[in-house]
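Visitor: What follows is each chain in one-letter form.
Protein chains: 2
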Amino acid sequence: MATINDVAERAGVSVTTVSRVLNNRGYISEKTRQKVYRTMEELNYQPNEIARSLLRKQSNIIGLIIPSLSHPFFAEFANSVEFHAYQSGYKLLLCNSQLEQAKERDYIEMMKRNRVDGIIMGSHTLEVEEYRNLNYPIVTLDRQIDDIPFVASDNERGGELAAQLLIDKGCRKIAHICGNLQLNMLANRRTTAFERIVRKNGIEFMTIQTDMNVFDQEEYERIITTLLTEHSDIDGVFATSDIIAAFVVKWCRKLGKEVPGQIRVVGYDDVNAASWVSPSITTIKQPIRDMGRLAVELISKQMNGEPIGKVHLLPVELVERETT
Amino acid sequence: MATINDVAERAGVSVTTVSRVLNNRGYISEKTRQKVYRTMEELNYQPNEIARSLLRKQSNIIGLIIPSLSHPFFAEFANSVEFHAYQSGYKLLLCNSQLEQAKERDYIEMMKRNRVDGIIMGSHTLEVEEYRNLNYPIVTLDRQIDDIPFVASDNERGGELAAQLLIDKGCRKIAHICGNLQLNMLANRRTTAFERIVRKNGIEFMTIQTDMNVFDQEEYERIITTLLTEHSDIDGVFATSDIIAAFVVKWCRKLGKEVPGQIRVVGYDDVNAASWVSPSITTIKQPIRDMGRLAVELISKQMNGEPIGKVHLLPVELVERETT
Numbered sequence: 178m179a180t181i182n183d184v185a186e187r188a189g190v191s192v193t194t195v196s197r198v199l200n201n202r203g204y205i206s207e208k209t210r211q212k213v214y215r216t217m218e219e220l221n222y223q224p225n226e227i228a229r230s231l232l233r234k235q236s237n238i239i240g241l242i243i244p245s246l247s248h249p250f251f252a253e254f255a256n257s258v259e260f261h262a263y264q265s266g267y268k269l270l271l272c273n274s275q276l277e278q279a280k281e282r283d284y285i286e287m288m289k290r291n292r293v294d295g296i297i298m299g300s301h302t303l304e305v306e307e308y309r310n311l312n313y314p315i316v317t318l319d320r321q322i323d324d325i326p327f328v329a330s331d332n333e334r335g336g337e338l339a340a341q342l343l344i345d346k347g348c349r350k351i352a353h354i355c356g357n358l359q360l361n362m363l364a365n366r367r368t369t370a371f372e373r374i375v376r377k378n379g380i381e382f383m384t385i386q387t388d389m390n391v392f393d394q395e396e397y398e399r400i401i402t403t404l405l406t407e408h409s410d411i412d413g414v415f416a417t418s419d420i421i422a423a424f425v426v427k428w429c430r431k432l433g434k435e436v437p438g439q440i441r442v443v444g445y446d447d448v449n450a451a452s453w454v455s456p457s458i459t460t461i462k463q464p465i466r467d468m469g470r471l472a473v474e475l476i477s478k479q480m481n482g483e484p485i486g487k488v489h490l491l492p493v494e495l496v497e498r499e500t501t
Numbered sequence: 178m179a180t181i182n183d184v185a186e187r188a189g190v191s192v193t194t195v196s197r198v199l200n201n202r203g204y205i206s207e208k209t210r211q212k213v214y215r216t217m218e219e220l221n222y223q224p225n226e227i228a229r230s231l232l233r234k235q236s237n238i239i240g241l242i243i244p245s246l247s248h249p250f251f252a253e254f255a256n257s258v259e260f261h262a263y264q265s266g267y268k269l270l271l272c273n274s275q276l277e278q279a280k281e282r283d284y285i286e287m288m289k290r291n292r293v294d295g296i297i298m299g300s301h302t303l304e305v306e307e308y309r310n311l312n313y314p315i316v317t318l319d320r321q322i323d324d325i326p327f328v329a330s331d332n333e334r335g336g337e338l339a340a341q342l343l344i345d346k347g348c349r350k351i352a353h354i355c356g357n358l359q360l361n362m363l364a365n366r367r368t369t370a371f372e373r374i375v376r377k378n379g380i381e382f383m384t385i386q387t388d389m390n391v392f393d394q395e396e397y398e399r400i401i402t403t404l405l406t407e408h409s410d411i412d413g414v415f416a417t418s419d420i421i422a423a424f425v426v427k428w429c430r431k432l433g434k435e436v437p438g439q440i441r442v443v444g445y446d447d448v449n450a451a452s453w454v455s456p457s458i459t460t461i462k463q464p465i466r467d468m469g470r471l472a473v474e475l476i477s478k479q480m481n482g483e484p485i486g487k488v489h490l491l492p493v494e495l496v497e498r499e500t501t
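Just so you know, the protein sequences line up as chains A and B, in that order.
Basically the working numbering = 1-based index in the first sequence + 177.
Basically the working numbering = 1-based index in the second sequence + 177.
So here's chain A without its partners, still in its complex pose:
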């Protein structure tokens, strides 16, 4: 691990000079400043705590990378992150990755150049390697990568609750619409738990993977109409988001199937929309506001050099409304 001495030697300056650059004090030419910065980056130098605090005063910016603000879950998460960041004296640099690797990589580079104090990663398109090499306070959302601290809600419990509710309501053939299970997301545990519970109860089920995280109306409608027309004996649906659940309800209505009379529907997240659509959506509530608060807190603590655990799992809650 590079020390301040290593940086000084490589940059051809004194340790005092490096210290002044870090503290943004004293008589430093721009040329020297840039040389020291470059050297620190080359050596992946991590300033010590005091120096970092002083350096931090120049930034006080947290970067947030999410797939898209079009998806209410991420909009509400970003809302909470911004609120809590502001409370703690930080600004928010926002990035929508649209799940594109190039864009995500580009944003991470940009955040480093802007000397953000930390990054909250809600978008996961890059290879694990690239996250490992970031020498930065980072918190991931709903993804477990090595020892990088993450925030998530109890996906496994969520899948259990949803499955059990539909079974208790009398469903005998349940469709589960989820995200791409190839991606190593903690959300996959909803599916694993769901399948475990329905199997245990001898309930027929089918799992349909969608290929997107972000809002893609036509794709959702295609999947749902195909499902409902080709499997007209389905009497329960567990969708991995309230948005998908809303589409299911919409298409059940169009195809003459009553909700909840003929088909019961459970969503996930409990975004605001779940309660203002009609029928309002039974869902597994993720504590989105707390997740945002916690993510900011964990960046803060890392910056202060406080020890933090890796796993930060918040409880979910079943919210029964009108679709079951």
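Rather than coming from a laboratory, the hints here were simulated on the basis of the structure.
It is possible that some hints are incorrect.
For identical chains, the list gives no copy identity; a pair is met inside one copy or between any two copies.
The list that follows gives simulated cross-link-like pairs (lysine-lysine, DSS-like), each with its CA atoms no further than 27 Å apart [to be verified]:
{"id": "1", "residue 1": "431", "residue 2": "208"}
{"id": "2", "residue 1": "487", "residue 2": "431"}
{"id": "3", "residue 1": "478", "residue 2": "208"}
{"id": "4", "residue 1": "212", "residue 2": "462"}
{"id": "5", "residue 1": "346", "residue 2": "431"}
{"id": "6", "residue 1": "487", "residue 2": "208"}
{"id": "7", "residue 1": "208", "residue 2": "289"}
{"id": "8", "residue 1": "280", "residue 2": "350"}
{"id": "9", "residue 1": "350", "residue 2": "462"}
For this one, chain A is given, so just place chain B on it according to the hints.
Guide: Structure of chain B alone, referenced to chain A:
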């Protein structure tokens, strides 16, 4: 208007030094740099075009101030701003004002300290004076303040289209739910146009003002249930957002009134949710994506010293769906 000579004189340095500070070049002590910056702020000094371009290279950040990401309109607008900002090489500093003056003022100060290249104002709680005194590329959303360039869609046309549709569908007593008309927002023109059309046609109407821009479920429900129960002969509703329209549909259903059979409902914005709720919402479509693109473009042009007009009005479109 202060010149570079004024700054040099007041700061007690040479013009060359001021120029170097602006260009971030050469041999400048931090103490001198700070003194020059402070002097520039005191004198409200606006660097010339070339200097500004060079200064800009240090920032490339656009600030966006909106009420809240909880409201789908602002989430989608922010999404578009971020997308187009990125395309043009800018980063986005996001602020949710929650319509609090202190927070909005604080954010504007913070953006100046961070030397953002421009600010897109989508939140309007401060007195007009405070916007006038910002010596900055600014674009406002849906508000006309002096000569500050603004982006809006054709609110007047929107109000006309909504009123005319409900009349053409046979409505004889129409409720219009709008925002706070005391605020000087261009959205008020929807209401003015609506009232003009219904009066012209001899249609009975009532206008109910809500006190919020941002998402407040309980308030919406209170207003709507009161309206529907106290005026059960209402056969048409023109709501100033799709969210309010969705609540109207929800409560009509709960109170046993069919939509569109007994009550026809028109929303506003055409956020994504308008098409995935059921019945899907007839609405006046704001070209949200184009508004974001245009806002970024106008910041860019101001930075490049290009002349831009003040008024940037984009067309709206009636989208007929299932609630009329």
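Visitor: Each of the hints needs a verdict: does it hold here or not?
Guide: Hint by hint, here is what the structure shows:
1. Taking the closest pair of Cα atoms, residue 431 and residue 208 never come within 27 Å of each other, the shortest separation being 68 Å inside a single copy and 70 Å across copies.
2. For a Cα distance limit of 27 Å, the shortest separation of residue 487 from residue 431 qualifies neither inside one copy, at 46 Å, nor across copies, at 46 Å.
3. When the C-alpha separation of residue 478 and residue 208 is checked against a cutoff of 27 Å, the pair qualifies neither within a copy, at 33 Å, nor between copies, at 31 Å.
4. For the identical chains of this complex, residue 212 and residue 462 are neighbours neither inside a copy (50 Å) nor across copies (52 Å), given an alpha-carbon limit of 27 Å.
5. In the homo-oligomer, the alpha carbons of residue 346 and residue 431 lie at most 27 Å apart both inside one protomer (23 Å) and across protomers (23 Å), since each shortest distance falls under that limit.
6. For the homomeric pair residue 487 and residue 208, neither the shortest alpha-carbon distance inside one copy (40 Å) nor that between copies (42 Å) is at most 27 Å.
7. Proximity of residue 208 to residue 289 under the C-alpha cut-off of 27 Å is found in both arrangements, the shortest distances being 20 Å within a copy and 26 Å between copies.
8. For the identical chains of this complex, residue 280 and residue 350 are neighbours neither inside a copy (41 Å) nor across copies (51 Å), given an alpha-carbon limit of 27 Å.
9. Taking identical chains as interchangeable, the C-alpha atoms of residue 350 and residue 462 lie at most 27 Å apart only when both belong to the same chain, with a minimum of 24 Å there against 40 Å between chains.
Violation of the numbered hints given earlier is confined to hints 1, 2, 3, 4, 6 and 8; the remaining hints are satisfied by the structure.
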